[in-house]
Amino acid sequence: MQPNVSQRAKPCTPARCEKCLVKAIRLTLICHALTQAQKNGRLHHTDDGILPLAHQSDADRSGVQLLSAPERRACETAAWLTGAVQIEPGLADCDLGRWQGVSLKQLQAEQPQALAEWLQDPASAVHGGESFAALCQRQAAWLAAFDRPGDWLAVTHPMVMRAMLVQVLGCPMSAGQRIDVLPLSRLQLSFTGQWRLRLG
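Every letter in the sequence shown is one number past the one before it in our numbering, and letter 95, counting from 1, is 95.
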């Protein structure tokens, strides 16, 4: 089930064009750094931290405002990027309920049908947490409400970035399973009346 059209950013109209050009938003989502859970094939848990990074990020981010999802792995990645960080609850990872911290091997052995259902059906919440469909709706609402002009860098999670991409491109939610988001990978978006994917 796709998010309601009312939750999506409204398209630009002649009356809004001048305002949109003045209030351009450039939002770069960055995935948190590698965790031990990812390395071991384990589903995420709120308390997962990142593995040590080789060196401090030295990129010039003057004029760029930094947001971070509330989980430890996101906050640690944001600290590595340096700069004043604002915690953004709307960027929180998908709640996996009873499956938090469980390995995929364990699920394949003990709950193969439930795992298959979760992987194939975006509306499935067999773990008792948040479905991918619900996550997509949450991110659609977050994007629709994000009205902060300027350059933003937001540290978040693979599933959140997949949900954002599905929303911006208007893809079927099932396409989310075909998107791989690697640690520290980036997704660039821009808003001038509507959200667009920005390649560069």
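No lab work stands behind these hints, which were simulated from the structure alone.
Check the hints yourself; a few may be wrong.
[Claimed, not checked] Below, computed lysine to any residue pairings styled on SDA-like, alpha-carbon distance capped at 25 Å:
{"hint": "1", "residue 1": "K105", "residue 2": "K23"}
{"hint": "2", "residue 1": "K105", "residue 2": "D121"}
{"hint": "3", "residue 1": "K23", "residue 2": "S174"}
{"hint": "4", "residue 1": "K39", "residue 2": "L199"}
{"hint": "5", "residue 1": "K105", "residue 2": "S62"}
{"hint": "6", "residue 1": "K23", "residue 2": "V64"}
{"hint": "7", "residue 1": "K23", "residue 2": "D151"}
{"hint": "8", "residue 1": "K23", "residue 2": "E76"}
{"hint": "9", "residue 1": "K23", "residue 2": "E117"}
{"hint": "10", "residue 1": "K39", "residue 2": "V64"}
{"hint": "11", "residue 1": "K105", "residue 2": "S174"}
{"hint": "12", "residue 1": "K23", "residue 2": "Q100"}
{"hint": "13", "residue 1": "K105", "residue 2": "T28"}
{"hint": "14", "residue 1": "K105", "residue 2": "P89"}
{"hint": "15", "residue 1": "K39", "residue 2": "D151"}
{"hint": "16", "residue 1": "K39", "residue 2": "A84"}
{"hint": "17", "residue 1": "K39", "residue 2": "D95"}
{"hint": "18", "residue 1": "K39", "residue 2": "A116"}
{"hint": "19", "residue 1": "K39", "residue 2": "A79"}
{"hint": "20", "residue 1": "K23", "residue 2": "W80"}
{"hint": "21", "residue 1": "K39", "residue 2": "S62"}
{"hint": "22", "residue 1": "K105", "residue 2": "D95"}
{"hint": "23", "residue 1": "K39", "residue 2": "G49"}
Taking the numbered hints from earlier one at a time, note which ones the structure violates and give those numbers from smallest to largest. Violated: hints 1, 3, 4, 5, 8, 9, 10, 12, 13, 14, 15, 16, 20, 21.
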